[in-house]
Amino acid sequence: MSQIFFYCTLVLYGCAAALYLGYLLHTTQGMATWASRLVTTGFVTHSLSTIHRFNSAGYLPITNMHESLSFFSLVIVGAFLLFVRKYKIAILGSFIIPLALLMIIASSSFPSAIHELNPALKSGWLWVHTTMAFVSYSTFTIAFGAAVIYLIQQHFLKKKKFGALFQKLPSLDTLDDINYRCLTIGFPLLTVAIISGAIWAEKAWGTYWSWDPKETWSLITWFIYAALLHGRMTTGWRGKRAALLSIAGFLIMLFTFIGVNMWLPGLHSYNK
Amino acid sequence: MNIIVVGLSHKTATVEIREKVAFSPNQIEKPLRELVSLDEIVEGVIVSTCNRVEIYATTRDIAGGIARIKRFMADYHHIPLEILESHLYNYHSEAAIRHVFRVASSLDSMVVGEPQILGQIKTSYGYAAEYKSSGIILNRFLHKAFSVAKRVRTETKIASSAVSVAFAAVELAKKILGNLSDKTVMLIGAGEMCELAAKHFLNSGARGVMVTNRTFERAERLADEFNGEAVRFEELFQHLHRADIVLSSTGAPHVIIGPKDVEDVIKRRRFKPMFFIDIAVPRDIDPKVDDLENAYLFTVDNLQEIVQANLAQRNLEAEKAEEIINQEIGQFFKWLSSLDVTPTIVALRNHFDEIRKAELEKTLANWKDLPPDAEKRLESLTMAMMNKLLHTPTTVLKKAGQGGRVDLYVDGLRQLFELEAAPEEAEELELEA
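Residue numbers (our numbering), protein chains in the order written: chain F, 1 to 272; chain Z, 1001 to 1433.
Keep in mind the hints are simulated off the structure, nothing from the lab.
One or more hints might be untrue.
What the hints assert, rightly or not - Quick look at which bits of chain Z chain F covers, simulated, 3 or more residues with Cβ under 8 Å:
#1 1173-1187
#2 1266-1280
#3 1291-1298
#4 1301-1311
What the hints assert, rightly or not - With a straight-line cut-off of 30 Å between C-alpha atoms, the simulated DSS-like cross-links for lysine-lysine are:
#5 F:LYS88 / Z:LYS1174
#6 Z:LYS1272 / F:LYS86
#7 Z:LYS1260 / F:LYS160
Stated by the list, open to error - Just the calculated beta-carbon pair ranges, DEER-fashion:
#8 F:GLN29 / Z:LYS1357: 54 to 64 Å
#9 Z:LYS1399 / F:GLN29: 36 to 46 Å
#10 F:ARG85 / Z:ASP1264: 33 to 43 Å
#11 Z:GLU1234 / F:GLY163: 40 to 50 Å
#12 F:GLN29 / Z:TYR1076: 43 to 53 Å
#13 F:THR207 / Z:LYS1260: 48 to 58 Å
#14 F:ARG85 / Z:GLN1308: 32 to 42 Å
#15 F:LEU81 / Z:LYS1122: 38 to 48 Å
Just so you know, these numbers come straight off a predicted model, no measurement behind them.
No residue lacks a Cβ here, since even glycine has one placed at the ideal position from N, Cα and C.
Generate coordinates for the entire structure from the input sequences, incorporating the hints supplied.
Dropping the structure here:
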């Protein structure tokens, strides 16, 4: 059951991504409307797939590459839908949805069998820690999308190239605002995620912090966004600087999320 | 019933002629009433703007109606018809519908995509409705023209991009600064383009204007005009950080704002972006200012390029607009034609039915000792006969489609049977659009 919904989601996200990319070249309102409908439907089937899996497995589906990539993709799309509703810039989809699609395709390439849950993971803290982490990651992804668009727009403005793409993309101010908003939502959530992780670690393994690669790299991520937030609030770091830092933060975060799990050994490793 | 259009525009007449033929808006009642009192004219609307004077009317006699309107325009304004005639164009039926749709959608305007014409036509229509010079056909027609214009404006980009330097400046500022409602404009120097741009910014919601000039009195006068603040030229750099948008157009022979100055100002603004437009020649602002990350500098040349690109785009969009208009003409024309068919069919049926009822009554009155169901049978007999007789002409009429044939049939029927149905009846008959 969950598999069926999963593959439906893949197809829906695929079509939506294609439409959004087409929208980049040819802004017809119809394309954006249909892409949005497909994404929303995909989000529903994706949620159903996740819920079904949760029911069959009995735990939150984030215990292997397949599950966590799928979950991440789900949360990204959810965050995207909220931001599009607030800011009404459909063109953000051209950057975010292909990303979500890549995630879910990557997810499908990993084995998806449901395993018995490792006893160390049987805890309510699992819920809090991982959901907070994923939601914060998704806002950082949106910030990444907005940052990329910002750099593109700024390039056009400085080079005085005012073609069709320039007209379609939103204003620098809107993009900077999205960046700020993502930061003010994502950063506290990341903080909560790290702290709740530490509390859970103490209960499960006896120590709050063990310099596990995941812990180390999420701390590095945390510092980057902390610096950005601090810079924005005190010395007015904004615009290009904020965009570049958001991109850097996103890449580090991606490594924290995927790279650590796949290539570095430790508590969070899926390769035992 | 036919729609006709007679008029002149900036395309066929210079302003000297146009102003002679213009109808004043506060004295439109008299010409409207005169127009519809003419024999050939049934309904009428007068549209008179600085770029065109057009009369839309309905008539049964196309050639006669057009000639009559031409004479009306000449007589009303006391111009010899021979002089006026060379500037007038006229359209009827489908061409008339196309023309009015195009005009309302701003495709016939000096600047394609301009927003005023639609409002002007709506006002003219308002007067015609008020003085009842327009009736069911022109009412429907102009309502349709308004909705077509709306379609064109929303479905094409014909009106969406800036085609004047001042508007282009505002659009650019929005792309950088977003919402303009809490932004301040600084005007350095004076000059038509600067002042026009400042006006546009204020219209787009900018919070306020500061004006500075080497001559303080000049700055004060200008500031007054904008309800803004005058700043002494020597104090420019003490106030520059308060401006988000800077329009500069002094006569200075050298640069007055350099990159170092802007760097300090931006820092003081905590890196909030700044938008500069340099209209002066020689330039007031050092081009290196654009290299700063949060400063965006544009010259008039940059803005002109944008305007040219937008104009080219508008012409492309105009083609799309013509497509939309083609679709809508077909629909409307079909409705216009059906207007004559349905009341004619009804009138014919009524005519037959009256005769049937009369004869039936006469026969029944003089016939004694009829079997009990005889009356009912005779009723069915006569009804069936009438329906069968009417069936073929009704079907043929409905199928005849638009164009000359329907008019011919309808006219023929009316004449041959001496039917009386007039277009006004259509209102009571609840036609579907």
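Comparing the hints with the structure gives:
no.: 1; hint: 1173-1187; verdict: holds (count 6)
no.: 2; hint: 1266-1280; verdict: holds (count 5)
no.: 3; hint: 1291-1298; verdict: holds (count 4)
no.: 4; hint: 1301-1311; verdict: holds (count 4)
no.: 5; hint: F:LYS88 / Z:LYS1174; verdict: 16 Å, holds
no.: 6; hint: Z:LYS1272 / F:LYS86; verdict: 23 Å, holds
no.: 7; hint: Z:LYS1260 / F:LYS160; verdict: 22 Å, holds
no.: 8; hint: F:GLN29 / Z:LYS1357: 54 to 64 Å; verdict: 58 Å, holds
no.: 9; hint: Z:LYS1399 / F:GLN29: 36 to 46 Å; verdict: 38 Å, holds
no.: 10; hint: F:ARG85 / Z:ASP1264: 33 to 43 Å; verdict: 41 Å, holds
no.: 11; hint: Z:GLU1234 / F:GLY163: 40 to 50 Å; verdict: 42 Å, holds
no.: 12; hint: F:GLN29 / Z:TYR1076: 43 to 53 Å; verdict: 47 Å, holds
no.: 13; hint: F:THR207 / Z:LYS1260: 48 to 58 Å; verdict: 55 Å, holds
no.: 14; hint: F:ARG85 / Z:GLN1308: 32 to 42 Å; verdict: 37 Å, holds
no.: 15; hint: F:LEU81 / Z:LYS1122: 38 to 48 Å; verdict: 40 Å, holds
Violated hints for the displayed structure: none, as all numbered hints are satisfied.
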